[in-house]
Amino acid sequence: MKVESLKKVYSMKGKKEFIAVNDVSFAVNKGEIFGLLGPNGAGKTSTIKCICGLLQYDAGEVLVKGHSMQRSRTKGLNHISAVLEGNRNIYWRMTVEENLEFFAGINGIASGKTKQRRDYLLKQFQLEEQRNVVVNNLSRGMKQKVAIVISLITDKSIILLDEPTLGLDVGMSQDLRQLLRTIAKEEGKTILLSTHDMKVVEETCDRLVIINQGKTVAHDTVENLMKLTNQHNYRIQMKDCIPAEIKQKIKQITVKFNEQKNDSSFTYQITIHNPNDLFEIMNLLKISNVELISLERTNYDLEEVFMNLVKGVEKNEISS
Amino acid sequence: MKYLHSFWAVTKREWIELRRYSFNSLVGLALYIGMFAALFSGAKYIGQNNYALNDSLEGFLISYALWFMAMAAFSDTANSIIDEARKGTLEQLYMTEIPFVWLLISKNMISTIIFSSLFFIIVQFQMLITGIQLHVDIISIFVILFIGLFSLYGIGLIMAGLGLLFKRIQNLLGASQFIIVGVMIVSPTDIPLVKLLPFVHARELIMSIMRRGISMFQFSLYDWLTLFLNSSFYIIVGVVLYKLAEKEAFKRGMLGQY
Ligand SMILES: Nc1ncnc2c1ncn2[C@@H]1O[C@H](COP(=O)(O)OP(=O)(O)OP(=O)(O)O)[C@@H](O)[C@H]1O
Ligand SMILES: [Mg+2]
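These protein sequence lines map, in sequence, to chains A and B.
For any residue, its number in the working numbering is found by taking its place in the first sequence, counting from 1, and adding 21.
For any residue, its number in the working numbering is found by taking its place in the second sequence, counting from 1, and adding 154.
No lab work stands behind these hints: they were computed from the structure.
All the pointers check out, no bait thrown in.
Distance condition first, Cα-Cα at most 20 angstroms in a straight line; then the derived DMTMM-like pairs of lysine to aspartate or glutamate: (1) B:K166 <-> A:E118; (2) A:K270 <-> A:E301; (3) A:K36 <-> B:E402; (4) B:K405 <-> A:E82; (5) A:K260 <-> A:E317; (6) A:K272 <-> A:E301; (7) B:K405 <-> A:D79; (8) A:K96 <-> B:E251; (9) A:K134 <-> A:E149; (10) A:K177 <-> B:E251; (11) B:K156 <-> A:D176; (12) B:K405 <-> A:E38; (13) A:K28 <-> B:E402; (14) B:K401 <-> A:E38; (15) B:K241 <-> A:E106; (16) B:K401 <-> A:E82; (17) B:K405 <-> A:E25; (18) B:K405 <-> A:D44; (19) A:K144 <-> A:E208; (20) A:K220 <-> A:D190; (21) A:K37 <-> B:E402; (22) A:K86 <-> B:E251; (23) A:K134 <-> B:E251; (24) B:K405 <-> A:E106; (25) B:K401 <-> A:D79; (26) A:K96 <-> A:D176; (27) A:K34 <-> B:E402; (28) A:K307 <-> A:E317.
If we take Cβ atoms under 8 angstroms as the criterion, some of the chain B residues that face chain A in the derived model are: (29) Y175; (30) E251; (31) L409.
Built from N, CA and C at the ideal position, the CB exists for glycine as well.
When you get a sec, could you build the whole thing from the sequences and use the hints?
What follows is the structure, encoded as structure tokens:
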């Protein structure tokens, strides 16, 4: 599956236009889990809807097994199924099994033919007990599972999942991530999932693209990106200001150095390449004779990853 | 074959919904019959059982039952599309290789069976209440309804298209009930052009079946042709306009917004 220079413009009331997806390109290989990462409003849902033929795009192309989703939508749909935002693909007034039969049916598959697959999937997703329960009575996490099972019932090769872990508690989210990996591996499905949760990507995806305000910010393997972003960040809180000369020395060691004055203390935000640099910094701090209040490792969350990447882009633009 | 499986799936879904949530429809049915009983006793009180009134009462009885059914048929498509767009299942229906219009037609055919049954039930109650005896030739009436209702589904599709784009069309649906009342009352013998309205000829045919005991085999080719062309015209116009709305919805991304 391939997305090439995809562009989606929403025309708003009063003739204003809004570019939701701008020149996004990526390719998803067979059997991999691919992440589409971005904050709210980044254009994840729009991109996914373009891929599954629910949204007409303005430029670029989406190719599913070589079929354009604009020109030969039906052929492309032969290979795709999707769960869109918030498990809304289910009939809440029907039972789990009735839903499965219905969605297999409207895809042209006789309900008798899917019996085995239903059994297998319900077992895989631990939904056997809920088989005859009306969906409305299930918990949110269970509904999400049912939604995903529905997308798998037709056994298409590409599965699109829009924010599959949104609103789930930690345990359920973990559960689901595990399941997705199992499904990708055992059934050789190609999975594209969108999320704003770095952790989901880190744990499940092979490769990813990060988009922000419709634009690609990064496109890489997860491993590389983690290396790039997981520099060592520490927050040091001191009772008083560090003397200027020592500050200077610390600055030479760190990649990034940031001082902030609080009410009764000073906070230093530092980034270093090598954790061993910390020894030297601590030495310098000891010499300074200022009382240390706390030292903590600050991990990057998604926001910071973004900041970093967006900044990186800007820097490149300036230097080139 | 694929089409058959999808038709069957839609049938099952409708059946499940009907069975599990029939209470609402039963209440509606009871309300209609109650209202009819009230109207009837009023009319009888005023008319004191004279012959001319009794004659027009027959017409009233049939029109009333047809009105109930026509309203249901006509708002059925629009309501269900808007409902599914709101819930998010509409997008899923659009993601199959089976064309969405086929799913709609499947649903309409099943609805016709349900609505016709309701029609027969209402008529039965009405005959009981009024003591008027009509010819309930189930097969003939059903065949005419099956073809005739598609004209109303066509109008329903236009409404559904509007609903996709403008969301709040409940008021429009409400207002159009009165148009349906018109369709049930105006007579093509006074103004021939009225025959071009949706369902009017079907209504005329059902009237002759029920009041004069004519069977569908006695209808002329002209009758069949008018019935068939009327329904074809409206369903085709409905599908075309719905497709246009759908195209716009694809552009604006409105298939799943609530
Ligand atoms: N149908 C629409 N009409 C107009 N603008 C839209 C429409 N759908 C989305 N947008 C706008 O396009 C932008 C991208 O939306 P999109 O839903 O694709 O983002 P997202 O990455 O999925 O965000 P979220 O995390 O909130 O789901 C948003 O600013 C949104 O307001
Ligand atoms: Mg979204």
